[in-house]
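Chemist: Residue-level listing of the chains:
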Amino acid sequence: MSSSAAKPAPRPTPDTAPYFEATKRGELCIQRCQRCERAYFYPRSSCPACGSTDVVWFTTSGRARLHTYMLSYRAAPGFEDQVPYAIAIVELAEGPRLMTNIVGIPNTPEHLVLDMELEVDFEPRGEEMVPVFRPLGVTS
Amino acid sequence: MSPKALGAIIGAAETERLGTVPELSALELHADAARRAVADAGLTMADIDGVASAGHTPSAVAHYLGITPSYLDGTMVGGCSYLVHVRHAVAAIAAGLAKHVLITHGESGRSRVGAPPRWPDPSSQMGQFEVPYGVLGPPTMFPMGVLRFMAETGLTHEQLASVAVAQRRWSSMVPRAKFRDLITVEDVFASPMIAYPMHLLECCVVTDGGGALVVSAVEGAADRPKPPVYVLGTGEAMETPLVSQMEDFTRSKAFRLSSQLAFHQAQITTSDVDHLMIYDAFAHLPIYGLEDLGFVGRGEAGAFIEEGNTSPGGSLPMNTNGGGLSYTHTGMYGMFLVQESVRQLRGEAAAQVEGVELSVAQGVGGMFMAAGCLVLGTSATLG
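For the record, the sequence lines run as chains A and B. Using this note's numbering, read the first sequence as starting at 1 and increasing by one per residue. Using this note's numbering, read the second sequence as starting at 1 and increasing by one per residue.
These are calculated hints, taken from the structure and not from any lab test. Quick caveat: nothing in here was measured; it's all calculated off a predicted structure. Watch out, some of these pointers could steer you wrong.
What the simulated footprint calls covered on chain A by chain B, stretch by stretch (three residues with Cβ under 8 Å from a Cβ of chain B suffice, anywhere in the stretch; the number is not a length) [said to hold, decoys possible]: (1) 11-17; (2) 62-75; (3) 91-105.
Across the chosen pairs, the derived CB separations fall in these ranges [stated by the list, open to error]: (4) B:D248 - A:P106: 25 to 33 Å; (5) B:L200 - A:L114: 19 to 27 Å; (6) A:A5 - B:L200: 28 to 36 Å; (7) B:E357 - A:T13: 45 to 53 Å; (8) A:C36 - B:A91: 46 to 54 Å.
Chain A side only, calculated, beta carbon under 8 Å to chain B, not exhaustive [unchecked claim]: (9) R32; (10) I87; (11) P109.
Each residue gets a CB set at the ideal place from its N, CA and C atoms; glycine is no exception.
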């Protein structure tokens, strides 16, 4: 198996640190605007919809749907044993979308059905943890 | 249609050589293109008082060429930057900031001589939120919406492949093109899978090269050696620096907004367009572009290209140099869109289309990050 820790690691910045502190706790936390109530991703100090700086972190449900994906036939560092592997976009139940990997099922067009239900899991990248997603109900 | 000229492109040239040019650094590619474009305009470097560039800063390019400009534009929004530079240049000239603006592109995309590193920093947005998932540059990111596009519109893999087939029909007539052999949909499917659903032949070539433009006022443009190409409309727009944050993975907001600005300013509709260039780093971009610019309806672009409408002899000649898929793609390809539009309007293109009076060049920057659109015309288009 590939070593997830050998995969490219993010380096958090002060504005993104709460996100990566949460992933280490096994939680996917994003921000929500207190004024317009929109949830948003990626982390930042004001709401991209209304500009308010009255924003708070919250823990998402971890539920998502597969929005779209590609299958990379060349390996990024740490992905050598997984080719081809899915680089996917998922839509969180709370609305925002993010890039991720899909685990727990073969990464083939037959298994990766758009809009399939997913739930969050976490994998190491260097010293950090990042969210990945597996089909709902499929345990690791 | 009665457009008013905002400015004129009086000089245009590409580097003497394109493709694999390891003996020239990226800055030398800027300089080679710059000297040729200034000569094409019938000017000398001493006449240039404005410099715009991306990839390298305009100050780096100006100093290299011994120019002391009164106008600098370092707008860097990816491969469409040069179209945006034209937009800014005509405004700057109208405001009296400069008389002759030199816009340069040079990139050692293949040989990487004197070129900046490509891998993003781990603390960048891409480094934190995309790179950890195993992305390997644009081939694994830019076409991220294609499967969604197929699911929502019925676009087929064959239609996607037909983009590459159509553009090879054009490049087969272009001696400077990197790839000139005609291909079929089956050839595309037989080429290596790079990142499903994109095969090698649905991805752009990777080359060294450059190009440059000289933009001036309308007054005096007709006195230069070459027929002026008038700037009739311009637009710029942006969407997101992260492809994963596109608002709609089946549409480019920046394509739509930038083209609306340019078409409105030029007072044209799609039916006025004789010739079209749409930035094609990958085969899906002309499909998105045809729909986002309004040339065809939702879900119609794949069949439109597959049926030959954009091929030689078709109703809408598109990417007539062969595009990024077959002609050249240095990394920030937008300069070459404008070069081909200028050649077609001057009547000096390798695969010349008869009677081109109005050409649209639509660029994209980053991965649906930004866009620039130019409506260009001959003197016959002026109202």
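Chemist: The structure should be examined with respect to each hint, and the outcome stated for every one.
Modeler: We went through each hint and held it up to the structure:
Counting residues of the segment 11-17 of chain A whose CB lies closer than 8 Å to any CB of chain B gives 4, which reaches the minimum of 3, so the coverage claim holds. Judged by the Cβ-Cβ criterion of 8 Å, the segment 62-75 of chain A is covered by chain B as claimed, because 9 of its residues qualify and three suffice. Against chain B, the segment 91-105 of chain A contributes 5 residues with a C-beta closer than 8 Å to a partner C-beta. That satisfies the three-residue criterion, and the hint holds. As the Cβ distance of D248 of chain B to P106 of chain A is approximately 29 Å, the hint placing it in 25 to 33 Å holds.
L200 of chain B and L114 of chain A have their C-beta atoms about 25 Å apart, which keeps the hinted 19 to 27 Å range intact. Checked against the hint of 28 to 36 Å, the pair A5 of chain A and L200 of chain B passes, with Cβ atoms roughly 32 Å apart. Taking the beta carbon of each, E357 of chain B and T13 of chain A are about 51 Å apart, inside 45 to 53 Å as hinted. Evaluation of the 46 to 54 Å hint for C36 of chain A and A91 of chain B yields a failure: the beta carbon distance comes to about 35 Å.
Taking 8 Å as the C-beta cut-off, the interface hint given for R32 of chain A is violated, the closest approach to chain B being about 17 Å. The closest approach between the C-beta of I87 of chain A and any C-beta of chain B is roughly 5 Å, which is under the 8 Å cut-off, so the hint is satisfied. The criterion of a C-beta within 8 Å of any C-beta in chain B is met by P109 of chain A, whose closest approach is roughly 7 Å, and the hint holds.
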